[in-house]
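The listed protein sequences correspond, in order, to chains D and R. 163 is the number that the numbering used here gives to position 163 of the first sequence; each next residue is one higher, with no gaps. 1117 is the number that the numbering used here gives to position 117 of the second sequence; each next residue is one higher, with no gaps.
Source of the hints: derived by calculation from the structure; they are not laboratory data. A couple of the hints might just be wrong.
Restricting the straight-line Cα-Cα distance to at most 30 Å, the calculated cross-link-like pairs of lysine-lysine (DSSO-like) are [claimed, not checked]: (1) R:K1087 x R:K1099; (2) D:K152 x R:K1099; (3) D:K152 x D:K93; (4) D:K152 x D:K59; (5) R:K1099 x D:K93; (6) R:K1087 x D:K152; (7) D:K93 x R:K1087.
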Amino acid sequence: MTTMTRLLPHPILSLTLTGLWLLLVNSITPGQIVLGLLLGWMIPLLTLRFWPEVVTIRKPFTLLRYVGLLLWDIIVANFTVARLILGDLDRLKPIFIQLPLSLTSDLAISLLASSITLTPGTVSAKLSEDRRYLLVHALNEADPDTLIATIKQRYERPLQEIFE
Amino acid sequence: MLEYLLSFLILTGAIFTFIGSLGLLRLRDFYMRLHGPTKATTLGVGSLLIASAVFFSNHDAGISLHEILITLFLFITAPVSAHLLAKAALHLNLHSFAKMPVKSIKEKERSSSDAIDVKH
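Just need the whole structure built from these sequences, with the hints factored in.
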């Protein structure tokens, strides 16, 4: 097990890199697959110090559902923000909220922060130093408590199920 | 038929990209302006890339998948750059129409180490 983890410290990262390589060269000839696997094996080894945590995906289907939900929310977000930009700017109520985090792993927190930025009217602005709060700027939100509850329920919970 | 689909995608892309840029111009403070390019453009660039993928898949032999990669990289990098911009703005104490929730976060972190959290 230890030799295994030393030789292949991040299997998921390796697979992702191989997939990325095949997309980059846009062909799936055997030679490219071997080259992709080689890159997928070597890059994580060479960049080991960047990845202190081992990523585990506990629930792949929840992850798929999360990606689907996120894509849908991104489309909705585009329309929402477009309407706000074209509408009456004086009626916008921008607000900063402090989102208490239940997540602890680096990857999960950064995914949550990215999801928040990509979805309707919110941009994550700063992670507090103790990593327990995320400062979020909302473009137009009358009710901060509902927003916090929505983010926690819609994005944070699935991420927690998947990664922690 | 394909032409109509492509035209629709390209027009949608152009419109959303334009609205995103318009947001930069119209919105009133830095933090609000951040919302324009991070969101309205994802769908804009997304539609343009889908149009490109559809066109080249029909034009040349084989399916064109580079666009998926571009989309992926865009979706990874856009939030990160927005986050860094917001962080820099907080650090510089730029004027904001939105109120801080509690004074603590900004004030406390001003006094201690700033700018970049080095954890590892």
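Is R:K1087 close enough to R:K1099, meaning Cα to Cα at most 30 Å?
16 Å, holds
Are D:K152 and D:K59 close enough, with their CA atoms no more than 30 Å apart?
18 Å, holds
With a cut-off of 30 Å on the C-alpha distance, tell me whether R:K1099 and D:K93 pass.
10 Å, holds
For a C-alpha distance cap of 30 Å, please report whether D:K152 and D:K93 respect it.
21 Å, holds
Pairwise hint evaluation, R:K1099 against D:K152, where the allowed Cα distance is 30 Å at most:
22 Å, holds
Does the alpha-carbon distance linking D:K93 and R:K1087 stay inside the 30 Å limit?
21 Å, holds
Does D:K152 lie within 30 Å of R:K1087 when you go C-alpha to C-alpha?
Cα-Cα ~22 Å, so holds.
In this structure, every one of the numbered hints holds.
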